[in-house]
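Trainee: Each chain, written out:
There are 2 protein chains.
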Amino acid sequence: MMRTRPLKVALLGCGVVGSEVARIMTTHADDLAARIGAPVELAGVAVRRPSKVREGIAPELVTTDATALVKRGDIDVVVEVIGGIEPARTLITTAFEYGASVVSANKALLAQDGAALHAAAEDHDADLYYEAAVAGAIPLIRPLRESLAGDKINRVMGIVNGTTNFILDKMDSTGAGYQEALDEATALGYAEADPTADVEGFDAAAKAAILAGIAFHTRVRLDDVYREGMTEVTAADFASAKEMGCTIKLLAICERAADGASVTARVHPAMIPLSHPLASVRGAYNAVFVESDAAGQLMFYGPGAGGAPTASAVLGDLVAVCRNRLNGATGPGESAYAALPVSPMGDSVTRYHISLDVADKPGVLAQVATVFAEHGVSIDTVRQQGKDGEASLVVVTHRASDASLSGTVEALRSLDTVRGVASIMRVEGE
Amino acid sequence: MMRTRPLKVALLGCGVVGSEVARIMTTHADDLAARIGAPVELAGVAVRRPSKVREGIAPELVTTDATALVKRGDIDVVVEVIGGIEPARTLITTAFEYGASVVSANKALLAQDGAALHAAAEDHDADLYYEAAVAGAIPLIRPLRESLAGDKINRVMGIVNGTTNFILDKMDSTGAGYQEALDEATALGYAEADPTADVEGFDAAAKAAILAGIAFHTRVRLDDVYREGMTEVTAADFASAKEMGCTIKLLAICERAADGASVTARVHPAMIPLSHPLASVRGAYNAVFVESDAAGQLMFYGPGAGGAPTASAVLGDLVAVCRNRLNGATGPGESAYAALPVSPMGDSVTRYHISLDVADKPGVLAQVATVFAEHGVSIDTVRQQGKDGEASLVVVTHRASDASLSGTVEALRSLDTVRGVASIMRVEGE
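Chains as they are written, first to last, in UniProt numbering: chain Y, 1 to 430; chain P, 1 to 430.
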């Protein structure tokens, strides 16, 4: 039996995502009502520029006073798609104080203040859902936090930023350099005018913090995530990757240490074998690979951004939060009981692909190999190429701690016979 | 604050899946308790052969009287991993009557009697969860029914049977025939001694019925699903597929008609382009491709069977059901409000790849082309190859109703110049 009093939704932000949320709430109102068990009503839309024409949204719903909207007292669910830290954080906290549950797409805020926001939600018996904050439309938060709740997740490795994947895919398929590929991404609207948050890995790092927290039942903050952007990846790196049967992706990697006693989270470009499912993720798509004790290897793939895909995730959460509200219950909140220490990057175990420019004379390889051995780093393959009195050495290592690997590189740089370290890249997914 | 009285779980069946469920419940008891908010206790295990040694399960928990276990009255959750229709159906119904919620991995039962079982659950304010019934460890039911609850799903297309994917992958990669590949699958334990349920598509059809029901908010029964097995796929079909840049997969396809007013569900082998994400699903893995209005294209990938992966899905449901119970709430039940008619196979829109053995004389192509035109089927490509006075014609059609396509084939068979129809295969994923 359907309740007739509608659930009231306040929408904060009406940009690319918000306008899609409003549109679908209107055009699919009957479906949403049937799935929730009660109608949902758009009770107000807070915007910055009220003059902008917003098709399908009644003008009397539009306000510039987001705080007043949140404080109305009759709002059941606040949907926050403003982004950024403030005023989003204060509005969400206020929403809880005034009895609403919250659906948010705000990865930066969740990565920075997730624990405090979850606590505020719990204090007020409210829900805080944020499927849209990571990997857009791809159902990921809910599968990790609910479907795999009976399993032990050991690793989450994903392409969680569409802009950088578009650029790297373009470099891979056309041989273009970074700047050329970035220019194309900008022209096509895949990159913003200031692409820093994407290309320097800040966006991916925020998502890595959220994913690691959920996967390992441990608080992981943005500051805990090692971050390296992809602006220095070159066409030459792609050529090296191809020789190894690999491509290069910007990966967010959250791992449990082998002994299970700590976790790491990092974002950096890495070579992965073409046979790995993540290697074939093209264009602006996202994909996340999850490894767990019982389930084994899972992958989730889909559009990582865009108005409609992100709205899909927001509305899925909206349905769940409304259902919880009708049930007088709340969904799973923060789960941080494991409270594992987050280790620094030096403790991450990975492989390196290192290109060295070396003097073309006998004994160089022996010298180089000795440096690896002294740092306890085992070499997988070495390829030596001579050209015009110079030579290049390409070394691929076995797995070792990142600290040992960077120590090795440091020592290599100080060898007289090493003229330069042309590139260093981690190798993942094997 | 954690409740100290444990939730009691009755496990029905202790085979490959059940023993893994019991093992993880024991070894990960602390994690499960933390995630649920109360400890869970294995209160009894119903088996057929009590003499079999079951490592890690206290002998006093083992019983052959499943009915008595379910009727104890103190059971919170019944986990049914027996499979088959009876006694599973009666035990589940009894479980609801005695106040328990149910987690099941039983695709055959859900596909046949899902509506009645959901009604029984609802009558008793209990949960019926069955993530493990489709695609093993892959979170799929929950994403479809919760994450995409605010979206409109138009198509679900997947590889949902690991045995047949193993066989087809083997045929593709080695050029082996069906029987040879089946023999290898049997030897390696991927196929059962009687592989009928897998290779004839019964297993996939049950999963298609469940997926279509959830995706379209409509009751879809096993009988509604068109089913064609893969025992007649030949090495020659794979050769034809390769020429088209395709491979062959046994697909479960659930589609909403273009006008939105009806749905179809079908299982059959089909050619799909190598560039399609489903084409690269190897071995016994499963993957499901979902297309929706707002989210666009999503894919879910992982192990589709096996003790531990299936147990992962069962335990994820167990955590959710236990949490609901502590909250005094229930999760989403059956959602069949859309009640769309399920159209027969003839209404499905698809493409055909048809190989004809024809007389090698002028005018044959014109005759054949006329038959297609008369049935309103548009031809995409034709390839004609002569050999020893005979010729073969390979025709690939544009999209048309399956009824028009099979009418065309029927008419082609009656042409004097057509000596035989060597193969017919649907083409999907473009």
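Mixed in with the good hints, there may be bad ones.
Same chains, same names: a pair is fine if it fits in one copy or spans any two.
[Stated by the list, open to error] Capping the alpha-carbon separation at 25 Å, the derived lysine to any residue pairs in SDA-like fashion look like this:
| # | residue 1 | residue 2 |
| --- | --- | --- |
| 1 | 242 | 87 |
| 2 | 242 | 85 |
| 3 | 152 | 39 |
| 4 | 152 | 34 |
Since the hints were derived computationally from the structure, they do not count as laboratory data. Keep in mind it's a predicted model, so treat the numbers as computed, not measured.
Trainee: Could you run down the list of hints and mark each one as holding or not?
Mentor: Okay, the hints, checked on the actual structure:
1. Taking identical chains as interchangeable, the C-alpha atoms of residue 242 and residue 87 are never at most 25 Å apart, the minima being 46 Å within one chain and 56 Å between chains.
2. For the homomeric pair residue 242 and residue 85, neither the shortest alpha-carbon distance inside one copy (41 Å) nor that between copies (52 Å) is at most 25 Å.
3. In this assembly of identical chains, residue 152 and residue 39 lie within 25 Å of each other by CA distance solely across copies; the values are 17 Å between and 38 Å within a copy.
4. Taking CA atoms no more than 25 Å apart as the test, residue 152 paired with residue 34 passes between copies only; the shortest distance there is 13 Å, against 35 Å inside one copy.
In this structure, the earlier hints numbered 1 and 2 are contradicted, and the remaining ones agree with it.
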